[in-house]
Structure formats: structure tokens, C-alpha cells
Amino acid sequence: MSTAAATADGGAGAAKPGAVQSVPADSDVHCAASDCEKQLQPSHAASRAGDAPVYSVFTRSEKWALTTITIMAGLHSPFPANIYLPAIPSMATIFQKSIGEMNLTVTTYLVFQGCAPMFWGPLSDRYGRRPIFLSCLSVLVGACIGLALCPTNAFWLLLLLRCMQAAGCASTVALSAGVIGDIATPEERGGFYGISNIGPMIAPAMAPAIGGVLSQNLGWRSVFWFLVISGSLCILLIALFYPETARNIAGNGSPSVSLVYRAFIPIIGRGRLGTAPALSKAIRIPYTNPFTIFLCPDVCVMLLSAGIIYATWYTVTATISSSFKEIYDLSEAEIGLWYIPVGSGMAVSSVITGKIQDWDYRRVKARTPPGTPLPKELARLRFTPIYVCGFMAAICSWGFCLEYKAPKAVLGVVRIRNGLRP
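When the letters of the sequence shown are read in order and numbered with the UniProt record's numbering, they come out as residues 1 to 422.
It is worth saying that the hints were derived from the structure and are not from the lab. Any given hint might turn out to be false.
Quick list of in silico lysine to any residue cross-link-like pairs, SDA-like style, CA-CA up to 25 Å [what the hints assert, rightly or not]:
{"#": "1", "residue 1": "K405", "residue 2": "M392"}
{"#": "2", "residue 1": "K97", "residue 2": "W225"}
{"#": "3", "residue 1": "K408", "residue 2": "S344"}
{"#": "4", "residue 1": "K63", "residue 2": "R126"}
{"#": "5", "residue 1": "K355", "residue 2": "P369"}
Computed from a predicted model, the values in this text were never measured in an experiment.
My request is simple: use the sequences and hints to build the entire structure.
Okay, structure coming up:
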């Protein structure tokens, strides 16, 4: 895990004024390892003219514009995984494989989806968000071209290209989280992060519906050609409009940066970007071994709990196409539509949860006596047990509904509740 893969609290802090880094500003990681004991405090809080530099030179509307770009980029992490699901039954027939064997293409994708951010994240901390965004999406587009041209007698190639596909696109969510940390203060970060997360949240609804229609009418290869087009458009969007935000390179946005970090059409931050001298190369963050994060017990606990929830959720999601085909005899397009309820639930949950986190953060901060460390675990995780219990109840309900062939209306309601995951 890297600093770019931080949660809504992950942002940019600095040890002293003028030395900005892309390390989470308000994260308290208590660990025996020396690297985990370093606590960095933000030095660029908003201030009046003449005081210390503002945290970010971007206006609120420009922050929302950057957040919109992260939505589009983050959409491409779960989108390739989910657009493919309705086509699994037909592809199993075409490739002459069982459903279980075809599900290996989902499993390998998820493995690389989990591992890739540990490689791309540290690179984005050192070399910036913009070049890594473009690199990740370029790998995605290249892999999708290969998948669209994959021969049906080369199942091994299908698996390999799915791994490459995941390796390219999986880190866009982590990079998007890094962008939010770069531009937003801790007090407003939850709201921005919640909106930024809409892309990854609605993808499980949009992607299967689109994939089902494409697969049924144009064949399974059209699914990957669609991804080539959407990925290329996202590359164009970032290249044209997204300026570098990594704080160890661009600071609060005012330091001048090299050409590779500038948007081709610099309408975001116009007149305020590059008005100060460039940051010293001495503060560039070195590439570190991402696996050292596993030395932190509290991080391991968070990863394990989130991993269990994600694995449970994806087990249900990946088996919808085969289950609905067998139990309800639905077409590929109809199966794709059944992913919409869960995506709707996830999108609503993302926005509401972000607002709740911001509200609870401000409430806990206001109640904390001056000079006392802010209990961030309480401010961010207090409602987590409620979310987890609701998620567990929804998963159990889903299993019973399929077992007893419940009416589709009931399944739709339960599926929406499945989307309200922690």
C-alpha cells in the first residue's frame, strides 16, 4: 500500500513550511517499525494573505472539477472487471470451458487488482499523479486491444491479458484518493472523497448493463473494444485538463513544474499555477518498499477486514450471471440490468457516508480539548460496526432468496441493500 492509496484521511502533509510531501496528513499509524512511527502534520492550512501559504491554490469549483476527473479515472478500475461478467456464460461456450474455469479470469483479475497499487502507488508519490495516471490507463488500453483480438483457442492468453488489464487499471482508485488528499484539507476531505468514489461505486451498475447489451448484440469482443474507447477518452481528458497535484512536486499548486506535469489546456488553476519557484529536488520522496506497510499491525487489521468484506461482496457479484442464467433463464442483456440495483446502492452509500464522516470528524474535533491529540479512529470508524452488520444481513438475505427462488422484486430490494457496503 502507498500513500496514494490512502483513505479519505490520506492527504498531503509536511514536516515544516516549504517542505510538502504526499504523505497522509492526519493518519495515525502506530507501529513498531520506525517508518510507521513518523507523524506528519499539515503545514499549509488555509490562511489570510500574508500568513503561511494556503493549503491549495485551487478554488472550490476547481477542486470539484479535479474531483470529476478522478471520478472518470476511478471508474476504470472496477469497470473492466464488471463489464465482463454478463458475457461469462457465452464465453464459456465459445472457449469450450466450464463456468468454474471462466471464473478464473475473474479471480486472476482480482489478484492483480489488489497487488498493482503497491507498485503504482509509490511511483505516483515520487513521480507525480499525472504521469502515473496516463501510464496506468495506457496499459489498460493496450491489454483491452489484446483481449479484443484474443483467439478462442488460447485460454492462457485470455488469463494473461486479464492480469495485464487489472495491473493497468486497478490503481486509478488509489491515485484518485491521492489527488483528493493533495487538494482538500482534512475537514473537507471526506465529502470530496465520497463524491470521488462515485465512479468506482456506479461502475458495478453501469458496466454489466452495458456489457450485457454489447455481448448479446455485438459479441463478447465488443466489450473490450468499448473499454479501448472509454480508456482512450479518459487518457485524453487527463492529458488535456489535469495539472499535477502531488504535493512533493507541485506543492499547494503555486510552485512551477516541468512541462510533463502541466495540462495541455490549463483552464484549472489558471493564473495561480506556477507562480512560485519550483520545489527543491531534495524533498522528492524516494521509492520505498511497499511491503513494509505490513509491519504495521493496525494497517494489517484494516486490510484484512476490508479484504473480507470485498471478497464476500465480489463472490456474490461474480456469480450473479451464472445463477440468474440457471435459476431465472435470463438473457445476457437482462442479466446485465440486474447489476443496476447494487450500483445504485453503492453510489448513494458513497455520498452519504462521506458526508457523515465529515460531520463526525468536525464533531469529534470540536469536542477534543486544545492540545489533546485528535482520536481519529473514533472520528472515522465509529459507525463501521453498524455498516458491517447491515452488510452481513443483506448477504444472508441474498442467499436465502436465491435458494428459494424469491420473486425478482424482492431480489432487487435485497440487491440494493447489498450495495450499501461498509
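> Are the Cα positions of K63 and R126 separated by 25 Å at most?
Replying inline: Since the Cα atoms of K63 and R126 sit roughly 22 Å apart, the hinted pair holds (cutoff 25 Å).
> Keeping to a limit of 25 Å between CA atoms, is the pair of K405 and M392 held or broken?
Replying inline: 20 Å, holds
> Does the structure keep K97 and W225 at a Cα separation of 25 Å or less?
Replying inline: 23 Å, holds
> Are the Cα atoms of K408 and S344 separated by 25 Å or less?
Replying inline: 17 Å, holds
> For the pair supplied as a hint, K355 and P369, is the alpha-carbon distance within the 25 Å limit?
Replying inline: Given that 25 Å is the threshold and the Cα spacing comes to 24 Å, the pair holds.
Going through the hint list in order, the structure satisfies each hint without exception.
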